[in-house]
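S.K.: Chains A and B supply the protein sequences, listed in that same order. Last residue of the first sequence: 253 (the working numbering), numbering continuous. Last residue of the second sequence: 601 (the working numbering), numbering continuous.
Calculated directly from the structure, the hints in this document are not laboratory data. Keep in mind that the hints are not guaranteed to be accurate.
In silico DSS-like links for lysine-lysine, alpha-carbon gap of 27 Å or less [unchecked claim]:
#, chain 1, residue 1, chain 2, residue 2
1, B, K500, B, K473
2, A, K145, B, K500
3, B, K504, B, K328
4, B, K597, B, K584
5, B, K473, B, K308
6, A, K145, B, K594
7, B, K594, B, K176
8, A, K145, B, K574
9, A, K95, B, K500
10, B, K594, B, K328
11, B, K556, B, K176
12, A, K252, A, K192
13, A, K145, B, K176
14, A, K145, B, K69
15, B, K176, B, K597
16, B, K504, B, K584
17, B, K594, B, K504
18, A, K145, B, K504
19, B, K594, B, K327
20, B, K328, A, K145
21, B, K176, B, K328
22, B, K473, B, K556
23, B, K357, B, K328
24, B, K408, B, K473
25, A, K252, A, K171
26, B, K143, A, K192
27, B, K69, B, K328
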Amino acid sequence: MQTQTELGKLLEWVEIMRGRIREIVREWADQEGNLIMMLHAIQNEFGYISRGAAGELAKETGISMARIYEVITFYHYFRVTPPGKHTLQVCMGTACYLKGAAALHKELERQLGILAAAGGGHDEFQLETVRCIGCCGMAPAVVVDAETHGRLCPGDMAQILHQKQKA
Amino acid sequence: MKTIHSNAMIQATINGKPIEVPEGTSILDAARQCGVRIPTLCKHPDLLPTAACGLCIVKIAGRERMSRACATELQPGMEITTHDGELTRIRRMILELILSTHPNACLTCKRNGNCELQTLIGEFGVRDDRLEKHIRDVPPDHSNGSIIIDFTKCINCARCVQTCQKIQNVWALSMLNRGINTRMAPAGDISLAESPCIKCGQCAAHCPTGAIVEHDEVATVWDALEDPETFCSVQIAPSVRVALGEEFGYPPGTNLTRQIYATLRRLGFQAVFDTNFAADLTIMEEAGEFVQRFVHGKGPLPLITSCCPAWTDYMEKKHQDLIENFSTAKSPQQMLGVVAKTYYSEKAGLDPAKHFQVSIMPCTAKKYELERTDEMFASGYQDVDVTLTTRELARMIKQSGLVFREMPEEEADSPLGEYSGSGTLFGATGGVMEAALRTAHFLVTGQNLAAEAINILPARGLKGVKEAEIVLEGTTVRVAISHGMANVDKVLDKVRAARDRGEEPPYHFIEVMACPGGCIGGGGQPYGISDEVRRKRMEGLYHDDKSCARRFSHENPAIQQLYKDFLGEPLGEKAEQLLHTRYKPRKAYQR
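One chain only, chain A, in its complex shape (with noise of 0.2 Å):
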């Protein structure tokens, strides 16, 4: 029955899914270059674009699924994977750089690759780099979620992780 009752959850949410890509292709349809447009209302939307996604978008406009994803892959923005629940966003903008971004980048990515030995919890996490996000006077910074945290060094990541795994 449990089983049942989570097929039919499935299934309707894949009908609301493909009504509202329906919606986006009927917003964005006959105006030139509209696929980069959809695919943004759709990462909008679900957070990243599903394979399941992708084709129900195919279907609706006629794209082929290797058209889809030679944009999807080109660009850096469109994710193919769910996003974590915590986004860390290490500014790789030049000030950031020069202070140590990329030890800082390499320490989270140490930090979780410890998480993942340790039996999970990694996966919570999106490890991102991004350009210059105005705060050079912090340098180095990271963004996690929406809060920024600045003048970091490598020793301060872990923390980091830790308050966000409590909360």
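Fit chain B to the known structure of chain A by using the hints.
M.R.: Relative to chain A, chain B alone:
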């Protein structure tokens, strides 16, 4: 495919030599016309330039930067230098960079000996790995039984992607990511078997390296030939006879039918048949079907041919609303298989369970067709056991030690080796239509086409969509012929538009072959395809047709005997059971 703006000629100089070429000619083509070959790994004569590899760079006097000859039009008065010490050094560097991401696996590579990259590496004298190797760690894709992709050998020239997307309109292959991470992969990182791939093999035919190759089944055939319990028979497709010779130094289009028969016998095949025989049989069924639909109104028009398994796969995935329009007649390969395992086995007193039937085809999709549906087992066994492409047969002959050029001329085995000129035409675009119309004319009027009208010329040639009209008893039959899947879509869209408006169909009969040029340009044919090669191979078949004593499928005495002794009537009960198949919608994407 180059854009010719007008008939105007322009003058320029290449390596100090004056040259006159039509306006719009690329520097690459202009150089070739004055006896200079500029190396390239990404530009193919069938394809538009992508300027991906950079090998074709040349110097243009007065310009600071070098230009890519494939993507630069020759302009009046240009002074071009195609070769000097500096250009050679740069080209060698580009090759070394390509080699730094390419495995040194030439000895065991399927393209060993005919790889465009290997050839250039040799010509430029690259003799060591100066640069650190960065080989992608990704397994090959063996998911589809016709074509294998080895991603590590891909040099990102994008020829296969342009072929798959623009010529074939299949979109199974794509270029993903960007910059240094750019890579070729089936549509969005799925396996080839999960993609809309139709197995036509045009990607393999255009690949400069061993990144995309046919699934090699030579070993399976050797095993069968060596098994004393097994009776091995073989059939050769129409287009193989005018292309195999290229592997042995003959010019394209040389018809070597009888030498191939002799060679196959010496390889150990106990019976040598000709797919052309079954092409005549296909015509009996398909022309019969056409007359049923056209004259008696039994079934929808247009009738659409279905001999090409890449095409039927495409249709089942993409043109599902037209499935009823497809001829149910099996392809010649499958017809020959079922007749060999039933009629021939019976006549020769063979146990069909021990009869092993091999087909030599120009085509990688034919491998897929063998198990396409239950109807491919109509004899009670798999009707054809293994398909080898022309390239695989050439390798087999070379392994055997037989000196192909010294083979005598022999005949095929009776009765499945006799063919009419119509049968041999199947190998070229328009050939099935020409053969079918010859017999349809007879079925409707009771008379053969007059000698001067036998060659249905509008059906011939390399135009992507050909149209023709033929009058049967005062009624005009409108036909269309298309090859290259992107052209097929145009024809079917026209049919659909007429249907949606409730109008009469624009055509009564449509022939489709997936590969440009038809089977003579198939994905399993010897490498080096271009329109020039296609034309020569086509000429070879037209010449074979012309030199046949009988030019009409319905006049093939072996076919007449087969119906009399075994099958009964065309479209009769037994013929339906053994010689026809059905189509069903399939999903284009498995995920």
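S.K.: What hints, given by number in increasing order, does this structure fail?
M.R.: Violated: hints 4, 5, 8, 9, 11, 14, 16, 23, 24, 27.
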